[in-house]
Each structure stands twice: as structure tokens, then as C-alpha cells.
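Reassemble the complex: the two chains are provided individually, in unrelated frames, and hints are given to aid placement.
These protein sequence lines are chains A and B, in that order.
For the first sequence, our numbering gives the first residue as 11, with consecutive numbering after it.
For the second sequence, our numbering gives the first residue as 1459, with consecutive numbering after it.
Treat the hints as calculated values from the structure; they're not laboratory data.
One should not assume that every hint holds.
Lysine-lysine pairs mimicking DSSO-like chemistry, simulated, CA-CA at most 27 Å apart [stated by the list, open to error]: (1) B:1476 <-> A:102; (2) A:28 <-> A:90; (3) B:1489 <-> A:101; (4) B:1516 <-> A:90; (5) B:1665 <-> B:1478; (6) A:106 <-> B:1644.
Remember, predicted model here, so these are calculated numbers, not experimental data.
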Amino acid sequence: MANTIGVIGDRDSVLLFKAVGLDVFFETEGEKAQRTIRRLVREGYRVIFMTEELYTQCGEAVAQFKSEAFPAIIPIPGNKGTRGVGMQDIKKNVEKAIGADILFSEGR
Amino acid sequence: MAAMEFKPTRMELTNLKKRKAVAVRGHKMMKDKRDELVRRFIVYVRRNRELREEMERKLGEALKAFVLARASMGGEAIEEALMYPARAAQVAIGMEHVLSIQVPRLTIEESGEFQYPYGFATTSAELDGAVRALGEILPMLLELAQVEKTCNRLADEIEKTRRRVNALEYVMIPQFIEGIRQIKMKLDENERGNLTRLMKTKDMLAKKGN
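For reference, chain B alone in the conformation it holds in the complex (with noise of 0.2 Å):
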């Protein structure tokens, strides 16, 4: 490891051990966040993968039965009945906070009950129950999407925080603990060798005034 050089000065030491200690404090706080980051995350990631089976399998059949409506009753009819939405699905966007980190918040706003956007008249069955069931999967595409969303955050921040927390306690703290030795051993040497001085002139001193 690259050792930083420091002045051995009594000041520097003092810098060193407070930025020591909050380097320490800040440890303690990054692992805490990053353990907790990641239970919620191991939560999140397991409904989030529920979410997903349980989607892919709906929207299949849905997908399914819309390929049917196709072949029943022609592309050009299916597209004009399709084209106008009788209502835009009406979604609030709002904003969550988990452990400070923005994740979406999506509610769907059920707006009265669940309407064909088309007449009857010129649609088969089959389109209808295509419609029907992908109107019943929205709600859980947009929970998935927030889910998904979240995961994704999530795994960013763990990943972010991990470094971290590796960073500070195999670089920062051991570089600062080597530093602090270094200085007080310098100080130390400084220290005994004023003594000796101090020594040798009382000596010498005392031999002139004999």
C-alpha cells in the first residue's frame, strides 16, 4: 500500500486522529446502511420476481387470446376497433423514499368500471376476453414496474455503498492508523533526542564548573 506522507508535527497528529475517528463513525454507519439496504432488497427482489412469473404467464394467455380475436375477425376490423381508448389509464406518479434513495411510486386511479373502448357489433368474443384480462393485468404490470424499478436502485445503491464501506476500511483507516505511528514515532525520536542533548550539555556544564 502506497503510505501518504505526513508532517510529523503535533498538529498533523491531531488532524489524523479526528479524521481517523470519523472515518471509523463513518464505517460503522456505511455497513449498517449496507445491511440494511440489503434485506430490503433480498424483500423486494423476491417479490419482484413473483411479480415477474406471475405477469409473463397472464400476459402470455392475454397475448394468446388476442392472437385468436386476430385470426377471428380480420386485421383491419380488430385495429379500428382498437384505435380509440375509450379512457387513457389514469396512473399517479409519485416519488418513495428508501433509505434516501428516489423510487417510483406508481397507483393506477381506477376510473368507474372496466369499459370495452369498442361497440359490439362488429367484434368477436374472443377480443373481448383478450381486453378483459389485459385490463386485470395493468394494475400488476405497473407494480411490477415499480418493483423492477426499485430492484434496480437498490442493487446501484448496495453496489455503490459496498465499495465504500471496502474503501474506508482497507485504504482510509489503515492508512490513517499508519500515519498516526509514524508521526508519533518521529515525535517520540525528536523527544529523546532533545533529552540526550539536554543531557550532554548539563554534563558538560557541570564538568566546566569543576
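Same shape as in the complex, but just chain A (with noise of 0.2 Å):
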């Protein structure tokens, strides 16, 4: 079977995928990165983690696969630590469903 997961970063974040074997491509600006998304989703990935840093530059392709069943387009903190947008991307859909914050509201 094919590869269906793909890792897309900067070198030094996602070089250690690579040692569990996912497919790993380095990328660190966001033009190409939103080309390589569409590369892969045409070549067949289904799963396609991303750093942070190049997520949030990747607006309009992570958007455009969002409503879709595949591929899922995941944010993973980078090496520099995480900032928070996985976090604020659940947030958003939960306001997007309910109407109203009504899970972070709890701890806060």
C-alpha cells in the first residue's frame, strides 16, 4: 500500500518523522507549502500533518480541504514550541457548532 501520511515543515521540525516512516517534505514558505498540499492530495495522501508556522501561512488550502473528508490537514507544533492555533482551530469549530465557547470557558 501506498503512503498515506505526509509530514510538511520546516527541516529541523519534521526531519525526525522521517525515522517512523512517514513521508517527509521540507517546506518553509507558504506558497510552496499550499503547492505541496495539492501535490499530495492529487498523488493520494490522506493525513497530512503540518507545523504550525506553515499552517497558519496555508490559509486558503487548509480551507479548501476543511469540508472534505479527506485529507485531513492536522497542525503540529514545530520545534519552536507550540502557539496555541490547534487549540484555537477546536475552539472555533466548537463556536461554529454551538454558538458559544462552551469548553475553554471551564477553566478559565
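If you want it as C-alpha cells, here you go:
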């Protein structure tokens, strides 16, 4: 079976993913990364992990595939640590679905 | 509200009544669907949040270990060690249906013991640690991908369903009710008109006969 999981990010952050057998693509610019996303989707990748830095730069491509079953584009923290982009997305989902933020107000 | 114009005929009235019945039934079903979607969404989104928190913490640790490894080994040696994965991660991709929404289902197929993709001669212990940590995170990453996508899809669907419920409740159904009322009034009015005309004619005929 062809590999179906890709990782896109800057070299330092994603090189490690090679060791566990995922396909790694080095990108640092949003424009190029968007093209890479589209290429990966054409080639049949079903899950794409991206570093948060790139994820925020690729809003257009991310939005395009957001409402489809595949691929899942998932932000992961890069080697500079997390900036809460992923959490922000979850929060947005909650607000969209329910109309108010009911999950994240608990803790604060 | 822009009221729709209906022809005041009996046929139109029957049609309208039928359409209203369908709309009411649809509205009830949509509402049930929305409630169920929201319930499931909350379960998923809680899980999503937990997973993400855990993943971000653990991945951060793994990456930190990797940075240390890089520092102790030098970039080229590390790239050499990691460039050729020992095995491709085998992931089975399936589909699942949550209330007729397609969501991905990812399951990792373990192919035996965890292996380091390199020999131990030229690599440092820190790298071993980082690679092992990431190997352990991988199933979690996949679950996160699955759950997060499910949440996305559910949120979309909930929004859509809510719109439909509202459109039915506040636009379609009131329009039908209003239409039915109008037609009924018009028909009744015609009926009364007819009746008075008949009575009048009867009167006139009676006078003539006399």
C-alpha cells in the first residue's frame, strides 16, 4: 500500500518524522507549501501533518480541504514549541457548531 | 415577510396542506438530527482537546530530545541516520459514518517490534530517545487526525442542519400556514358570494311568480 501520511514543515522540525516511516517534505514558505499540499492530495495522501508556522500561512489550501472527508490537515507544534494554533481551531469549531464557546470557558 | 401568492383554488389548498405536513415532519426530523449531532460533537470535541493537549506536550518533548541529539551529533550524521526509514508506517484508512457524515477512520497496523532505522555505531543515545518517543506518539497523532477531522465535519454539518431547521421553522412553515389561511378565506368568501346570489335569485323568482 502506498504511503498515505505526509508531513510538511521546516527541516529541523520534521526530520524526525522520517525515522518512524512517514513521508517528509521540507518547506518553509507558505506559497510552496500550499502547492505541496495540493500535490500530495492529488497523489492520494490522506493525512497531512504541518507545523503550526506553515499551517497559518496556508489558510487558503487548508480551508479548501477542511470540509471534505480527506485529507485531514492537522497542525502540529514545530521545534519552537506550540503557539496554540491547533487549540484555536478546536475553539472555532465549537463556536461554529454551538454558537458559543462552552468548552474553553470552563478552565478560565 | 414576503408572502407567497397562491391561486385560490381547492387543488392549491390540498397541495399546500400536503406540503405543510411534509415541512412539519422534516422540521421535526432535522431538529432531532441537530440535537444528536450536537451531543456527539461535544463528546468528540472533548476528546479532541485532551488529545491535542497531550500530543502537543509529548511532541514538544520529543522534539526537544531531537534538538539535543542534533547538538551532540551534528546535522549530517543525523540526516544520514534518518534518511532511510526502516519501515514505512502502515496505516489502514477506512471510512466511518457518523449520522451519514463520512469521517475517516485511521488505524495503525503494527508491523512487529519497534525498530531503529539506523545502526548504533554513529548515533547518540539522545537520538534513540527522540525516535522512540515519536514512535510512541504516532498512534496518538493518528487518533488526533481522525478526531479532529470528525469534529470539523460535524461542526460543518451542525451549522447546515441548524440553518435548515431555522429556515423551516421561521420561513417555510409560517408561509404555508399563511397561504392556507389566505386560500381558505378566499374560498369562503366565494362561497358566501355564491350563497347570497342564490338567495337573491330565489327572491326575485318568487316575486315574479307572484
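Results of checking the hints against the structure:
1. B:1476 <-> A:102: violated, 40 Å
2. A:28 <-> A:90: holds, 19 Å
3. B:1489 <-> A:101: Measuring from Cα to Cα gives roughly 24 Å; hence the hint holds.
4. B:1516 <-> A:90: holds, 14 Å
5. B:1665 <-> B:1478: Violated, at about 49 Å.
6. A:106 <-> B:1644: violated, 45 Å
Comparing the model with each numbered hint stated earlier shows that hints 1, 5 and 6 do not hold.
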